[in-house]
Amino acid sequence: MNMKKTSVALLALGAFAGAAHAQSSVTLYGIVDTGLLINNNVKGLHEYALSQGTSSRWGLKGTEDLGGGLAAIFDLESGFTTGTGTLSQGGLEFGRKAFVGLSSKQWGTLTAGRQYSVSNDLTSSFASGADWAASGLGYGTRASDVDNVDTSNRIQNSIKYESPNYKGLQAGVLYSLGGVAGNFSQNSIWDAAVSYQNGPISLGAGYTFVKDPYYSFFGNQGNSSTPSTPTTGSPNDNMNNKIFGGYASAGSQQIIVAGGSYAFGPATVGLLYSNTQFQKLGTVSNPVGAIPAPKYTSGTATFNSGEINLKYQLNPSLLLAGAYIYTHNSGADNLGSAKYNQFNLGVIYSLSKRTSLYAIGFYETASGVDSTGKQAVADLNGSAYSANNHQLAGIFGITHRF
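What the sequence shown shows, in mature numbering (1 follows the signal peptide of the UniProt record, and there is no 0), is residues -22 to -1, 1 to 380, in sequence order.
The hints are simulated quantities; they were obtained by calculation from the structure and are not laboratory data.
With a cut-off of at most 30 Å between alpha-carbon atoms, the simulated DSS-like pairs for lysine-lysine come out as follows:
(1) Lys21 / Lys352
(2) Lys39 / Lys145
(3) Lys145 / Lys75
(4) Lys258 / Lys352
(5) Lys83 / Lys331
(6) Lys39 / Lys83
(7) Lys352 / Lys317
(8) Lys331 / Lys39
(9) Lys317 / Lys258
(10) Lys145 / Lys83
(11) Lys75 / Lys331
(12) Lys21 / Lys317
(13) Lys39 / Lys75
Using the sequences plus the hints, can you model the full thing?
Written as C-alpha coordinates, this is what we have:
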(Lines of atoms letter the chains of each structure in order from A and count residues from 1; the text may use other names and numbers.)
(Lines give C-alpha, C1' and ligand atoms only; values in the text may rest on other atoms or scores of the structure.)
Protein backbone atom coordinates (compact mmCIF):
# COMPACT_ATOMS: atom_id res chain seq x y z
CA MET A 1 0.00 0.00 0.00
CA ASN A 2 2.82 2.42 0.91
CA MET A 3 4.56 1.56 -2.36
CA LYS A 4 1.41 2.51 -4.28
CA LYS A 5 1.11 5.82 -2.41
CA THR A 6 4.75 6.59 -3.06
CA SER A 7 4.37 5.82 -6.76
CA VAL A 8 1.30 8.05 -7.02
CA ALA A 9 3.12 10.86 -5.20
CA LEU A 10 6.12 10.61 -7.49
CA LEU A 11 3.89 10.64 -10.57
CA ALA A 12 2.05 13.72 -9.27
CA LEU A 13 5.33 15.46 -8.51
CA GLY A 14 6.60 14.64 -12.00
CA ALA A 15 3.44 15.99 -13.59
CA PHE A 16 3.70 19.20 -11.54
CA ALA A 17 7.36 19.63 -12.49
CA GLY A 18 6.48 19.06 -16.13
CA ALA A 19 3.72 21.68 -15.94
CA ALA A 20 6.05 24.18 -14.26
CA HIS A 21 8.73 23.53 -16.87
CA ALA A 22 6.19 24.06 -19.66
CA GLN A 23 5.60 27.60 -18.35
CA SER A 24 9.31 28.43 -18.47
CA SER A 25 11.91 28.33 -21.21
CA VAL A 26 15.62 28.88 -21.75
CA THR A 27 16.88 29.41 -25.29
CA LEU A 28 20.41 29.03 -26.61
CA TYR A 29 20.99 31.30 -29.62
CA GLY A 30 23.78 32.95 -31.55
CA ILE A 31 25.60 33.95 -34.73
CA VAL A 32 28.86 32.52 -36.05
CA ASP A 33 30.40 34.62 -38.80
CA THR A 34 33.74 34.79 -40.52
CA GLY A 35 35.05 36.46 -43.65
CA LEU A 36 38.11 37.69 -45.50
CA LEU A 37 38.85 41.39 -44.95
CA ILE A 38 40.81 43.34 -47.57
CA ASN A 39 41.81 46.92 -46.70
CA ASN A 40 43.82 48.99 -49.17
CA ASN A 41 45.21 51.52 -46.71
CA VAL A 42 46.07 50.69 -43.09
CA LYS A 43 48.63 53.37 -42.22
CA GLY A 44 49.73 53.17 -45.87
CA LEU A 45 49.84 49.36 -46.14
CA HIS A 46 47.51 46.73 -47.60
CA GLU A 47 45.85 44.42 -45.08
CA TYR A 48 44.49 40.88 -45.58
CA ALA A 49 42.91 39.32 -42.52
CA LEU A 50 40.08 37.19 -41.21
CA SER A 51 37.27 39.39 -39.96
CA GLN A 52 33.48 39.28 -39.75
CA GLY A 53 30.50 40.65 -41.65
CA THR A 54 28.42 40.75 -38.50
CA SER A 55 29.59 40.32 -34.93
CA SER A 56 29.68 36.70 -33.72
CA ARG A 57 27.93 35.95 -30.45
CA TRP A 58 26.17 33.36 -28.35
CA GLY A 59 23.62 33.83 -25.65
CA LEU A 60 21.11 32.40 -23.23
CA LYS A 61 17.72 34.00 -22.76
CA GLY A 62 14.88 32.78 -20.64
CA THR A 63 11.39 33.51 -19.43
CA GLU A 64 9.24 32.25 -16.57
CA ASP A 65 5.48 32.73 -16.51
CA LEU A 66 4.57 34.26 -13.13
CA GLY A 67 0.85 34.40 -13.84
CA GLY A 68 -1.49 37.27 -14.53
CA GLY A 69 0.35 38.17 -17.72
CA LEU A 70 3.63 38.80 -15.83
CA ALA A 71 6.90 37.02 -16.68
CA ALA A 72 10.44 37.03 -15.35
CA ILE A 73 13.04 37.38 -18.11
CA PHE A 74 16.82 37.37 -18.50
CA ASP A 75 19.37 37.62 -21.31
CA LEU A 76 23.10 36.84 -21.16
CA GLU A 77 24.96 37.44 -24.44
CA SER A 78 28.68 37.08 -25.13
CA GLY A 79 30.54 38.37 -28.19
CA PHE A 80 33.56 36.62 -29.65
CA THR A 81 35.92 36.72 -32.63
CA THR A 82 35.52 33.61 -34.76
CA GLY A 83 39.03 33.68 -36.20
CA THR A 84 40.73 33.52 -32.79
CA GLY A 85 37.99 32.48 -30.37
CA THR A 86 38.75 35.45 -28.13
CA LEU A 87 36.08 37.44 -26.31
CA SER A 88 34.93 40.74 -27.79
CA GLN A 89 33.84 43.88 -25.90
CA GLY A 90 37.24 44.15 -24.26
CA GLY A 91 37.17 40.64 -22.79
CA LEU A 92 33.91 40.83 -20.84
CA GLU A 93 32.27 37.43 -20.37
CA PHE A 94 28.82 38.80 -21.26
CA GLY A 95 29.89 42.03 -22.91
CA ARG A 96 26.93 42.35 -25.29
CA LYS A 97 24.11 41.91 -22.77
CA ALA A 98 23.60 40.88 -19.16
CA PHE A 99 20.24 41.78 -17.65
CA VAL A 100 17.26 40.44 -15.71
CA GLY A 101 13.80 41.86 -15.20
CA LEU A 102 10.03 41.60 -15.47
CA SER A 103 7.84 41.79 -18.56
CA SER A 104 4.09 42.38 -18.91
CA LYS A 105 2.07 42.63 -22.09
CA GLN A 106 -0.11 45.21 -20.34
CA TRP A 107 2.49 47.29 -18.46
CA GLY A 108 5.72 46.88 -20.44
CA THR A 109 9.19 45.63 -19.57
CA LEU A 110 11.54 46.65 -16.74
CA THR A 111 15.12 45.32 -16.77
CA ALA A 112 18.42 46.00 -15.01
CA GLY A 113 22.04 45.25 -15.97
CA ARG A 114 24.33 45.87 -18.96
CA GLN A 115 22.07 46.73 -21.87
CA TYR A 116 21.57 48.48 -25.19
CA SER A 117 20.19 52.01 -24.98
CA VAL A 118 16.50 52.48 -25.81
CA SER A 119 17.67 54.89 -28.52
CA ASN A 120 19.45 51.97 -30.15
CA ASP A 121 16.47 49.63 -29.68
CA LEU A 122 14.11 52.03 -31.46
CA THR A 123 16.29 53.70 -34.13
CA SER A 124 19.18 51.41 -35.17
CA SER A 125 17.12 49.60 -37.83
CA PHE A 126 17.28 52.76 -39.98
CA ALA A 127 21.11 52.65 -40.24
CA SER A 128 22.96 50.42 -42.72
CA GLY A 129 25.90 49.97 -40.33
CA ALA A 130 23.61 48.51 -37.67
CA ASP A 131 21.70 46.38 -40.14
CA TRP A 132 23.42 44.75 -43.15
CA ALA A 133 26.77 46.65 -43.39
CA ALA A 134 28.86 44.71 -40.85
CA SER A 135 26.53 45.19 -37.90
CA GLY A 136 28.33 45.34 -34.56
CA LEU A 137 31.78 45.86 -36.12
CA GLY A 138 31.64 49.55 -37.01
CA TYR A 139 32.89 49.47 -40.63
CA GLY A 140 29.61 50.85 -41.98
CA THR A 141 28.83 53.44 -39.31
CA ARG A 142 28.92 57.22 -39.22
CA ALA A 143 32.49 58.40 -38.40
CA SER A 144 33.63 55.73 -35.92
CA ASP A 145 30.06 55.27 -34.64
CA VAL A 146 30.18 58.72 -33.03
CA ASP A 147 26.41 58.56 -32.38
CA ASN A 148 26.53 54.99 -30.97
CA VAL A 149 23.79 53.77 -33.32
CA ASP A 150 25.85 50.59 -33.82
CA THR A 151 26.19 50.13 -30.02
CA SER A 152 29.96 50.50 -29.81
CA ASN A 153 29.16 51.41 -26.20
CA ARG A 154 26.68 49.40 -24.17
CA ILE A 155 25.34 50.98 -21.00
CA GLN A 156 26.38 49.43 -17.72
CA ASN A 157 24.62 49.51 -14.33
CA SER A 158 21.42 50.58 -16.07
CA ILE A 159 17.70 50.37 -15.35
CA LYS A 160 15.52 50.35 -18.46
CA TYR A 161 11.78 50.55 -19.03
CA GLU A 162 10.09 49.95 -22.41
CA SER A 163 6.35 50.41 -22.86
CA PRO A 164 4.04 47.95 -24.58
CA ASN A 165 3.43 48.49 -28.27
CA TYR A 166 0.18 50.46 -28.51
CA LYS A 167 -1.15 50.66 -32.08
CA GLY A 168 2.40 50.92 -33.42
CA LEU A 169 3.59 53.43 -30.81
CA GLN A 170 6.31 52.48 -28.31
CA ALA A 171 8.52 54.45 -25.92
CA GLY A 172 11.31 53.75 -23.46
CA VAL A 173 13.61 55.34 -20.90
CA LEU A 174 16.92 54.26 -19.33
CA TYR A 175 19.05 55.50 -16.45
CA SER A 176 22.58 54.35 -15.63
CA LEU A 177 23.81 54.90 -12.09
CA GLY A 178 27.32 56.29 -11.87
CA GLY A 179 27.96 54.59 -8.53
CA VAL A 180 30.21 57.38 -7.21
CA ALA A 181 29.79 57.96 -3.47
CA GLY A 182 28.84 61.53 -2.64
CA ASN A 183 28.08 62.51 -6.25
CA PHE A 184 24.87 61.00 -7.62
CA SER A 185 25.18 62.45 -11.14
CA GLN A 186 28.86 61.68 -11.84
CA ASN A 187 29.28 59.05 -14.59
CA SER A 188 25.50 58.80 -15.00
CA ILE A 189 23.63 58.32 -18.30
CA TRP A 190 20.08 59.29 -19.29
CA ASP A 191 18.44 57.87 -22.40
CA ALA A 192 14.92 58.07 -23.87
CA ALA A 193 13.37 57.13 -27.21
CA VAL A 194 10.07 56.74 -29.04
CA SER A 195 9.07 54.87 -32.20
CA TYR A 196 6.02 54.46 -34.41
CA GLN A 197 5.18 51.87 -37.05
CA ASN A 198 2.16 51.77 -39.34
CA GLY A 199 2.22 49.52 -42.37
CA PRO A 200 5.21 50.38 -44.58
CA ILE A 201 6.18 53.42 -42.47
CA SER A 202 8.55 53.23 -39.50
CA LEU A 203 9.78 56.24 -37.48
CA GLY A 204 11.99 56.62 -34.42
CA ALA A 205 13.86 59.20 -32.36
CA GLY A 206 16.14 59.08 -29.32
CA TYR A 207 18.00 61.32 -26.88
CA THR A 208 21.05 60.34 -24.79
CA PHE A 209 22.86 62.47 -22.21
CA VAL A 210 26.13 61.20 -20.71
CA LYS A 211 28.11 62.64 -17.81
CA ASP A 212 31.92 62.13 -17.90
CA PRO A 213 31.74 60.10 -21.16
CA TYR A 214 35.44 59.14 -21.21
CA TYR A 215 34.79 56.97 -18.15
CA SER A 216 31.06 56.19 -18.09
CA PHE A 217 30.35 55.64 -21.82
CA PHE A 218 33.66 54.77 -23.46
CA GLY A 219 35.19 53.12 -20.39
CA ASN A 220 32.78 50.21 -20.32
CA GLN A 221 34.97 47.51 -21.83
CA GLY A 222 36.67 44.74 -19.92
CA ASN A 223 40.24 45.94 -20.35
CA SER A 224 39.45 49.67 -20.45
CA SER A 225 39.16 51.92 -17.45
CA THR A 226 36.48 51.59 -14.85
CA PRO A 227 34.43 54.71 -14.12
CA SER A 228 36.95 55.70 -11.46
CA THR A 229 40.31 54.46 -12.76
CA PRO A 230 41.78 55.45 -16.16
CA THR A 231 44.12 53.29 -18.14
CA THR A 232 47.78 54.22 -18.44
CA GLY A 233 48.63 54.74 -22.07
CA SER A 234 47.84 51.29 -23.51
CA PRO A 235 46.37 50.87 -27.03
CA ASN A 236 43.04 50.07 -25.36
CA ASP A 237 42.48 53.59 -24.06
CA ASN A 238 38.84 54.52 -23.97
CA MET A 239 38.66 56.97 -26.90
CA ASN A 240 41.43 55.71 -29.14
CA ASN A 241 40.61 57.22 -32.54
CA LYS A 242 41.41 60.37 -34.46
CA ILE A 243 37.84 61.30 -35.38
CA PHE A 244 36.69 62.16 -31.84
CA GLY A 245 39.47 60.89 -29.55
CA GLY A 246 40.75 64.43 -29.08
CA TYR A 247 37.59 65.30 -27.14
CA ALA A 248 38.31 62.91 -24.27
CA SER A 249 38.23 65.81 -21.79
CA ALA A 250 34.50 66.45 -22.39
CA GLY A 251 32.43 66.82 -19.24
CA SER A 252 29.30 65.56 -20.99
CA GLN A 253 28.08 64.11 -24.28
CA GLN A 254 24.70 64.57 -25.90
CA ILE A 255 23.30 62.46 -28.75
CA ILE A 256 20.11 63.18 -30.67
CA VAL A 257 19.12 60.68 -33.35
CA ALA A 258 16.05 60.46 -35.58
CA GLY A 259 15.21 58.31 -38.55
CA GLY A 260 12.63 56.47 -40.54
CA SER A 261 12.07 53.99 -43.32
CA TYR A 262 9.47 53.30 -45.98
CA ALA A 263 8.92 49.93 -47.62
CA PHE A 264 7.36 49.64 -51.05
CA GLY A 265 7.28 46.25 -52.68
CA PRO A 266 10.69 44.59 -52.47
CA ALA A 267 12.47 47.89 -51.67
CA THR A 268 13.03 49.74 -48.38
CA VAL A 269 14.42 53.28 -48.16
CA GLY A 270 15.92 54.44 -44.86
CA LEU A 271 16.96 57.86 -43.56
CA LEU A 272 18.89 58.70 -40.41
CA TYR A 273 20.09 61.97 -38.84
CA SER A 274 22.18 62.37 -35.70
CA ASN A 275 23.65 65.27 -33.75
CA THR A 276 26.44 64.40 -31.30
CA GLN A 277 28.01 67.00 -29.01
CA PHE A 278 31.09 66.64 -26.81
CA GLN A 279 30.34 69.39 -24.30
CA LYS A 280 32.32 71.26 -21.65
CA LEU A 281 35.72 70.34 -23.09
CA GLY A 282 38.51 70.55 -20.56
CA THR A 283 36.31 69.32 -17.69
CA VAL A 284 37.69 65.77 -17.32
CA SER A 285 41.25 66.05 -16.05
CA ASN A 286 44.11 63.96 -17.45
CA PRO A 287 42.21 61.47 -19.63
CA VAL A 288 44.82 59.05 -20.94
CA GLY A 289 44.90 58.77 -24.73
CA ALA A 290 47.05 56.69 -27.05
CA ILE A 291 46.55 59.30 -29.78
CA PRO A 292 48.10 62.70 -28.89
CA ALA A 293 45.41 65.36 -28.68
CA PRO A 294 45.44 69.13 -28.17
CA LYS A 295 44.43 70.45 -24.77
CA TYR A 296 40.88 71.72 -25.17
CA THR A 297 40.07 74.03 -22.30
CA SER A 298 36.50 74.96 -23.18
CA GLY A 299 33.79 74.79 -25.79
CA THR A 300 31.77 72.11 -27.58
CA ALA A 301 32.59 69.90 -30.55
CA THR A 302 29.54 68.99 -32.65
CA PHE A 303 29.10 66.19 -35.18
CA ASN A 304 26.15 66.28 -37.58
CA SER A 305 25.57 63.10 -39.58
CA GLY A 306 23.08 62.15 -42.25
CA GLU A 307 22.49 58.83 -44.00
CA ILE A 308 20.32 57.55 -46.82
CA ASN A 309 20.20 53.85 -47.62
CA LEU A 310 18.32 51.42 -49.83
CA LYS A 311 17.65 47.69 -49.58
CA TYR A 312 16.20 45.74 -52.50
CA GLN A 313 15.07 42.12 -52.17
CA LEU A 314 15.70 41.00 -55.74
CA ASN A 315 14.30 37.54 -54.99
CA PRO A 316 13.69 35.51 -51.80
CA SER A 317 17.40 34.62 -51.61
CA LEU A 318 19.22 37.72 -52.88
CA LEU A 319 19.41 41.12 -51.13
CA LEU A 320 21.12 44.15 -52.69
CA ALA A 321 21.87 47.20 -50.54
CA GLY A 322 23.66 50.53 -50.62
CA ALA A 323 24.13 53.61 -48.42
CA TYR A 324 25.68 57.07 -48.38
CA ILE A 325 26.74 58.74 -45.11
CA TYR A 326 27.91 62.32 -44.54
CA THR A 327 29.42 63.52 -41.26
CA HIS A 328 30.59 67.04 -40.39
CA ASN A 329 32.68 67.74 -37.28
CA SER A 330 32.42 71.47 -36.59
CA GLY A 331 35.60 71.42 -34.47
CA ALA A 332 36.32 73.15 -31.16
CA ASP A 333 38.49 75.97 -29.79
CA ASN A 334 38.82 77.39 -33.33
CA LEU A 335 40.99 74.46 -34.42
CA GLY A 336 39.08 73.79 -37.62
CA SER A 337 36.56 71.23 -38.77
CA ALA A 338 36.45 67.94 -40.66
CA LYS A 339 34.14 66.27 -43.17
CA TYR A 340 33.72 62.55 -43.78
CA ASN A 341 31.94 60.88 -46.71
CA GLN A 342 31.25 57.15 -46.69
CA PHE A 343 29.70 54.69 -49.14
CA ASN A 344 28.52 51.17 -48.24
CA LEU A 345 27.55 48.48 -50.75
CA GLY A 346 26.35 44.98 -49.96
CA VAL A 347 25.19 41.75 -51.56
CA ILE A 348 23.74 39.06 -49.30
CA TYR A 349 22.71 35.63 -50.63
CA SER A 350 20.70 33.36 -48.33
CA LEU A 351 21.43 29.66 -48.69
CA SER A 352 18.73 28.98 -46.10
CA LYS A 353 16.85 30.81 -43.35
CA ARG A 354 19.91 30.44 -41.11
CA THR A 355 22.94 30.57 -43.43
CA SER A 356 23.99 33.27 -45.87
CA LEU A 357 26.95 34.41 -47.96
CA TYR A 358 27.86 38.08 -48.25
CA ALA A 359 30.11 40.61 -49.94
CA ILE A 360 30.21 44.09 -48.35
CA GLY A 361 32.31 47.07 -49.41
CA PHE A 362 33.14 50.33 -47.61
CA TYR A 363 34.78 53.51 -48.89
CA GLU A 364 35.48 56.61 -46.80
CA THR A 365 37.04 59.97 -47.58
CA ALA A 366 38.09 62.70 -45.13
CA SER A 367 38.97 66.39 -45.34
CA GLY A 368 39.78 69.22 -42.97
CA VAL A 369 41.24 69.02 -39.44
CA ASP A 370 40.34 66.17 -37.08
CA SER A 371 39.85 66.13 -33.30
CA THR A 372 43.59 65.94 -32.66
CA GLY A 373 44.23 69.18 -34.55
CA LYS A 374 45.91 67.40 -37.47
CA GLN A 375 44.95 66.71 -41.08
CA ALA A 376 41.90 64.44 -41.10
CA VAL A 377 42.42 60.89 -42.37
CA ALA A 378 39.96 58.16 -43.26
CA ASP A 379 39.30 55.84 -40.33
CA LEU A 380 36.79 53.04 -40.90
CA ASN A 381 35.72 52.00 -37.41
CA GLY A 382 36.72 48.38 -36.78
CA SER A 383 40.00 48.82 -38.67
CA ALA A 384 43.14 50.94 -38.17
CA TYR A 385 43.18 54.44 -39.64
CA SER A 386 44.48 55.31 -43.11
CA ALA A 387 47.71 57.10 -43.95
CA ASN A 388 45.79 59.66 -46.01
CA ASN A 389 42.30 60.95 -46.71
CA HIS A 390 40.74 57.80 -48.21
CA GLN A 391 40.27 54.16 -47.28
CA LEU A 392 38.67 51.23 -49.13
CA ALA A 393 37.78 47.90 -47.53
CA GLY A 394 35.74 44.81 -48.35
CA ILE A 395 34.59 41.72 -46.43
CA PHE A 396 33.56 38.44 -48.11
CA GLY A 397 32.24 35.65 -45.90
CA ILE A 398 29.55 33.45 -44.41
CA THR A 399 27.05 33.91 -41.58
CA HIS A 400 25.26 31.13 -39.70
CA ARG A 401 22.53 31.79 -37.14
CA PHE A 402 21.22 29.32 -34.59
